[in-house]
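**Student:** Sequences and hints are given; from them, build the entire structure.
So the protein sequences, as listed, match chains A and B.
With the numbering used here, letter number 231 in the first sequence gets 231, and the count goes up by one each step, no holes.
With the numbering used here, letter number 56 in the second sequence gets 1056, and the count goes up by one each step, no holes.
Source of the hints: derived by calculation from the structure; they are not laboratory data.
Even for Gly, the Cβ is constructed at its ideal location relative to N, Cα and C.
Check the hints yourself; a few may be wrong.
If the Cβ cut is set under 7 Å, some of the chain B residues that face chain A in the computed set are [unchecked claim]:
#, residue
1, 1015
2, 1016
3, 1020
4, 1024
5, 1061
6, 1064
7, 1068
8, 1070
9, 1072
10, 1082
11, 1083
12, 1085
13, 1088
14, 1104
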Amino acid sequence: MTEVRLLSTTAILGYGFPEDSLKRGMARNPHLIGADAGSVDPGPYYLGSGKSFASPRAIKRDLQLMLRASAETGVPVAISTAGGAGGAPHLEATAELAREIAREDKLDFKMALIGSEQDKAFLARKAAEGKTRALAGLPALGGETIERATRIVGLMGPEPYMAALDAGAQVIIGGRSTDPAPWAAAVIRAGLGQAEAWYAGKMLECGAEPALPKKEDCLFVTVTEGGVECEPTNPIRRCTPMSVANFALHENSSPVRHVEPGGVLDTTDCIFEAVSDRAVRISGMRWEPSDRLTIKLEGVELVGYRAVAICATRDPVLIATIDPYLVRVREIVAEKTSAFGIAAADYELVIRVYGRDGVMGALEPYKGPLGHELCFVIEAICPTQEQASAVIAIARTTMLHSDFPGRLCKEGNMAIPFSPSDLEAGAMYRFSVFHTVEVDTPTEMFPIRYEKV
Amino acid sequence: MASIASIAQVCKSKNAGPFFFTIDVVFEKKEMFERVRSTNVLNAQLFADLYKVDLADVQFTIYPAALAFKATVPRRIPAGEIGDSDVYGAQQHAPLLAVDIPINDLN
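**Tutor:** This is the structure we're talking about:
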């Protein structure tokens, strides 16, 4: 095949897109319709809890339009990193939405579910064989880290998607995937080059993000030998050489070297040419295959349970003495919690001061005078929710009522914006696994189940 | 002198995975990009200082295709870890906005 046409509907399945944009894209006869459905960006909670950061209602809306378009035309649909984080519950939740849509719309299709959640024994064996490597300065992957992890996923490349397409799947729901994977799969499968395939995937992974003005929308990419052409399907948006070049900066540590399973996409010498006032052709990308095939792992472990309270002061006397006040609050909280059986060592109490350094923390360069009000977001993290809620209740009342020098506001130091004053935030996770594992084949960690829907 | 806030088209930050922030400064016109580049103020050491990390841990790239300077630095607190204040890493560009570039004539 000399040309592969790909339609990405939105940045994340569930973020939405105009229905007309999908129609315009379908009119150009794409070979694959897809959307990425996950990201590591919203933090560790979603992988840990098995929940998605997009709502099922929003995901269903986007998926339904894509499945209908697919049913009308026979063009396969690929959803990658299903359900936000790509674990087994995420995959199942997305599959269940697809089944529900099929029932409602009387559609039938062959569905492929590609798993990416990893077996702990498999990973422990790989770690023992010295076939894992830590990223980002983390400790080497040991048995204990693997055991403690709530959930670990591997980031698949294009090969499992290629296998599902080969098997004639009309709808592919993939677990955790490197973002360009399904797109690269369609291009490589058609016999075009790896460099073009990966670059096309990079362009499509966030929908119309490489176009202006920015908003969740559809992007159409045409891949030919030696080049990739991008055009948003919504006529109000356009790609310019600069908007497309700029997208190489997005979420990458380097704009010119993109490490992927099986190699590196080098974009140092890319050329961006406008082919119309709305479309851009990119050429000059290179693919450097690596000598070892590695798969990236992401895993999280439970830290504890969190409770949160939000309050604010408008009192200039307190603002002027806020640091010693917060020290005193911590002392009183420790004293009171130990009286009911929770030692200071049993909790983490974080007090963020918005209006001072709530965003930058220790990196805040501004050392000037504080504003006329300050907001405090207080959180307690404990081994159980009951403990966290007990600590936050004491911390909130201590913030509200403790004395300070020159105090005039003797009925209360804080404005508390709602009742109940404290919020139970539930389980809290941390990223504990961020490693690579060496494998023999690019598909061995990603089993595919087929289902007639 | 001209602050980055007054001459850049884009100055933004974002996660590059859970353990790194990436910070981009993009200019609208090639001429301004080249002038800023020639001052050499935007370099790896600047980012090491602003984000209090070792120079060796800063990945700094000048990317002329997008008229951009990019730095990636390790997070002091990983995304979502206890004490993290910016899970998406989208508000870590602020210290850069005030950086002065020795340019007087802005035309």
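**Student:** Any of the earlier hints contradicted here, and which numbers?
**Tutor:** 6 and 14
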